[in-house]
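> Chains A and B supply the protein sequences, listed in that same order.
Here the first sequence is numbered in numbering that gives the first Met the number 0, starting from 0 and rising by one per residue.
Here the second sequence is numbered in numbering that gives the first Met the number 0, starting from 0 and rising by one per residue.
Be aware that a few hints might be false.
Treat identical chains as interchangeable: a pair holds within one or across any two.
Claimed, not checked - Within a straight-line C-alpha distance of at most 25 Å, the following computed DSS-like cross-link-like pairs (lysine-lysine) qualify: (1) K267 with K222; (2) K25 with K267; (3) K25 with K328; (4) K267 with K328.
None of these hints come from the bench; they were simulated from the model.
Protein chains: 2
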Amino acid sequence: MLQAYYARGMEEPAVFEFFVRRLPAKRNFLVAAGLEQTVEFLENLRFDETAIAWLASIGRFEPAFLDRLARFRFNGDVEAVPEGTVCFANEPLLRVTASLPEAQLVESRLINLVHFQTVIASKAARSVLAAGPRMLVDFGFRRAHGAEAGVLAARAAYLAGFTGTATVEAGRRFGIPVYGTMAHSFVQTHFDETAAFRHFIECFPENNTLLIDTYDTLEGARKVVALAQGLRPAGIRIGAVRIDSGDVDELSRVVRRILDEGGCRDTKIFVSGSLDETIVASLVEGGAPVDGFGVGTNLDASVDEPVLDCAYKLQEYAGRATRKLSTGKETWPGRKQIERHRDRDGRLRRDDVVLEDDRIHGERLLAPAMRAGRRSSSLPTLAEARERAQRELAALPVALRSVTGQGQYEVRISPSIRELAESIAVQPVERSRS
Amino acid sequence: MLQAYYARGMEEPAVFEFFVRRLPAKRNFLVAAGLEQTVEFLENLRFDETAIAWLASIGRFEPAFLDRLARFRFNGDVEAVPEGTVCFANEPLLRVTASLPEAQLVESRLINLVHFQTVIASKAARSVLAAGPRMLVDFGFRRAHGAEAGVLAARAAYLAGFTGTATVEAGRRFGIPVYGTMAHSFVQTHFDETAAFRHFIECFPENNTLLIDTYDTLEGARKVVALAQGLRPAGIRIGAVRIDSGDVDELSRVVRRILDEGGCRDTKIFVSGSLDETIVASLVEGGAPVDGFGVGTNLDASVDEPVLDCAYKLQEYAGRATRKLSTGKETWPGRKQIERHRDRDGRLRRDDVVLEDDRIHGERLLAPAMRAGRRSSSLPTLAEARERAQRELAALPVALRSVTGQGQYEVRISPSIRELAESIAVQPVERSRS
Numbered sequence: 000m001l002q003a004y005y006a007r008g009m010e011e012p013a014v015f016e017f018f019v020r021r022l023p024a025k026r027n028f029l030v031a032a033g034l035e036q037t038v039e040f041l042e043n044l045r046f047d048e049t050a051i052a053w054l055a056s057i058g059r060f061e062p063a064f065l066d067r068l069a070r071f072r073f074n075g076d077v078e079a080v081p082e083g084t085v086c087f088a089n090e091p092l093l094r095v096t097a098s099l100p101e102a103q104l105v106e107s108r109l110i111n112l113v114h115f116q117t118v119i120a121s122k123a124a125r126s127v128l129a130a131g132p133r134m135l136v137d138f139g140f141r142r143a144h145g146a147e148a149g150v151l152a153a154r155a156a157y158l159a160g161f162t163g164t165a166t167v168e169a170g171r172r173f174g175i176p177v178y179g180t181m182a183h184s185f186v187q188t189h190f191d192e193t194a195a196f197r198h199f200i201e202c203f204p205e206n207n208t209l210l211i212d213t214y215d216t217l218e219g220a221r222k223v224v225a226l227a228q229g230l231r232p233a234g235i236r237i238g239a240v241r242i243d244s245g246d247v248d249e250l251s252r253v254v255r256r257i258l259d260e261g262g263c264r265d266t267k268i269f270v271s272g273s274l275d276e277t278i279v280a281s282l283v284e285g286g287a288p289v290d291g292f293g294v295g296t297n298l299d300a301s302v303d304e305p306v307l308d309c310a311y312k313l314q315e316y317a318g319r320a321t322r323k324l325s326t327g328k329e330t331w332p333g334r335k336q337i338e339r340h341r342d343r344d345g346r347l348r349r350d351d352v353v354l355e356d357d358r359i360h361g362e363r364l365l366a367p368a369m370r371a372g373r374r375s376s377s378l379p380t381l382a383e384a385r386e387r388a389q390r391e392l393a394a395l396p397v398a399l400r401s402v403t404g405q406g407q408y409e410v411r412i413s414p415s416i417r418e419l420a421e422s423i424a425v426q427p428v429e430r431s432r433s
Numbered sequence: 000m001l002q003a004y005y006a007r008g009m010e011e012p013a014v015f016e017f018f019v020r021r022l023p024a025k026r027n028f029l030v031a032a033g034l035e036q037t038v039e040f041l042e043n044l045r046f047d048e049t050a051i052a053w054l055a056s057i058g059r060f061e062p063a064f065l066d067r068l069a070r071f072r073f074n075g076d077v078e079a080v081p082e083g084t085v086c087f088a089n090e091p092l093l094r095v096t097a098s099l100p101e102a103q104l105v106e107s108r109l110i111n112l113v114h115f116q117t118v119i120a121s122k123a124a125r126s127v128l129a130a131g132p133r134m135l136v137d138f139g140f141r142r143a144h145g146a147e148a149g150v151l152a153a154r155a156a157y158l159a160g161f162t163g164t165a166t167v168e169a170g171r172r173f174g175i176p177v178y179g180t181m182a183h184s185f186v187q188t189h190f191d192e193t194a195a196f197r198h199f200i201e202c203f204p205e206n207n208t209l210l211i212d213t214y215d216t217l218e219g220a221r222k223v224v225a226l227a228q229g230l231r232p233a234g235i236r237i238g239a240v241r242i243d244s245g246d247v248d249e250l251s252r253v254v255r256r257i258l259d260e261g262g263c264r265d266t267k268i269f270v271s272g273s274l275d276e277t278i279v280a281s282l283v284e285g286g287a288p289v290d291g292f293g294v295g296t297n298l299d300a301s302v303d304e305p306v307l308d309c310a311y312k313l314q315e316y317a318g319r320a321t322r323k324l325s326t327g328k329e330t331w332p333g334r335k336q337i338e339r340h341r342d343r344d345g346r347l348r349r350d351d352v353v354l355e356d357d358r359i360h361g362e363r364l365l366a367p368a369m370r371a372g373r374r375s376s377s378l379p380t381l382a383e384a385r386e387r388a389q390r391e392l393a394a395l396p397v398a399l400r401s402v403t404g405q406g407q408y409e410v411r412i413s414p415s416i417r418e419l420a421e422s423i424a425v426q427p428v429e430r431s432r433s
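All chains, full assembly: derive it from the sequences and hints.
Right under this line is the structure:
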């Protein structure tokens, strides 16, 4: 396609928007994420000599086109909803305005980046709502879909409000707090469970968490109590125990009693093992004495809803609005903006999707992210995005906060967009630009 | 954990095995994949100066430990089921034998690599069974979970029998056939559909595929016929049309008739758009005149079953068999082998999971993949793995071939393993090595 565009000189400005067509059944809202990596990608996109040589070797492309690719840079503009913003279906989360080849070439990787982190942040936010003030640690690297997925899932989860991650590389790359964990193999290689616990505490006299379910969870808890009594004179305490299997609701209560009766009232209980937000919610609502959760597979692969029905679609080319009419995949044309309306106490009330040039009274969600290929100085840091997510989750309508129920939120398509769409019912028309 | 192991000199040989605990509801079998990338990872694992400096900066590790990490190399052995092998729950797909720190450190990334490609190859194999001889192209990069996932999904799908991929990078890295595609935006930017088709054919006079559903699929097909009639004198033909939306069963039949009646009998019909193996199967079984399928999102994120319940577990340390007894996650101890039994016509009949040292009469599935940190010369190429998958899929019992029905396959745990497990019911015991 790119070769065809360059050959024909089709390099007029094109406007593409990324949006989600409909929310998955188990999502009441989305949390926008992935903009930082998208901007990095657009800033650094190059075809190096090796890439050009390989493309030449396959014999499908003309030399003039490969010369263009070698000089390719993304020089366009990007508007986007800031990371950490709560958003909904039919809302443009990101808009690219660039010459047609530039806006087109970036499509696949742009979707790949924005889609995945938005999937994970939206999933993670549900655990955040369910856990309240309790600790939440991402444990999911191993079953994430590849290394990039594992590292970016840790980022998206932290952005949505997780406390930290067990993925060290995410700590190095993004400064996310890293939490170490003891594996069952550590207990097994010591052959004696108490010996394993003692060894671990010697290495980590502070902030240690002992995994107590390798053989028998309640026995494990009793061994912890005995060990703690021996260590108390030396001023060493056991930070937490972890339960990774079984009926954690019941086990956490009995373990709590064993710890309390053994004088370990300040030893916390951390649970993990196939958790998701519905289990977290039911433990919290049921009053299980759990202080923190390790959420892994279900988070990093977003197992219940692993993808969003999203698209990056052409809305305008060379100043003319355009529209795709494929059955079930019709698009709303034009350059759009989201106008958010809130209640007096700041809670989200309704969003209007409007044309960028319409008069707007509420809050505008799309903000500049890149100008002429360079990042805007106003792009939020990860810490700022995380704060925004916390504010936005606190401002969610009550009906959207439940991790089990389905809540609706009103997103209105403005009359101006509907009129524009009707005017290009079958073939696109010239749009007078104001 | 590693710091603790090194501090205590716990560097005896450890044996870990990777296995799947149970098959997902919608999978009758798995196709092993990801070994090549795992071996590459193990061969190249290093902590460079930047990594060591960062680890030092966080202040949790002792200098002696960081020195060890700087010299860290994986020097162990790996046995594995060759890529492309059909396999089942409770079967060890990969075994690492190495010093405890080496075998432990690699856990997360090893699972991350073997798990993901096995997920995708197992999903892709179902479309391969459903499509028969028809073309299957991976279209899923954009909704894969990150770039690595997109590229490795293309590899795993090709390994399982897909014809090729739309992900160019997978073509460059693995030599997988790449198939280009025309997007709706290409049609939209030309404002006139026929003009877009003509422009595309000028650029690609051979092997072109025209996307006909941007506005109205049947109108699109009629425009293709008119265009083809004009091009015929010049000896140019239209290779295929693509339908990406609507009722593709019905549309493909009408489009076929329009093409045939318009003299385009040799123009093929390619369909895409939210396809998965059940839709492919129903189109094929219903006799829809479809020559090829583009399968995207549902493949690359394995949407119906995005993860496997898998583990990498310690089976033996310092010559002693060990066993985890956590509720619902008990493991079978010892170094294991898979013995496959076939019918006289080569069809899979039953697998026995046995101890490596047991006498075996059937086929052994686990073969050497690494020795002392170096890859075995016998590791299959991607082409060989793909051929193996084709042979294995052809040898599947009929009950396992359906993409809608559930079939059972017998995997027996040998008496020798059961005896060993009982002997270490609560605490591990010394195992006499034969």
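> All the hints need checking, so say for each whether the structure fits it.
Status of each hint after checking the structure:
1. K267 with K222: within (15 Å within a copy, 70 Å between copies)
2. K25 with K267: neither (32 Å within a copy, 39 Å between copies)
3. K25 with K328: So K25 and K328 pass the 25 Å test inside one copy only (21 Å; across, 28 Å).
4. K267 with K328: Only across copies: K267 and K328 sit 24 Å apart there, 51 Å inside one copy, limit 25 Å.
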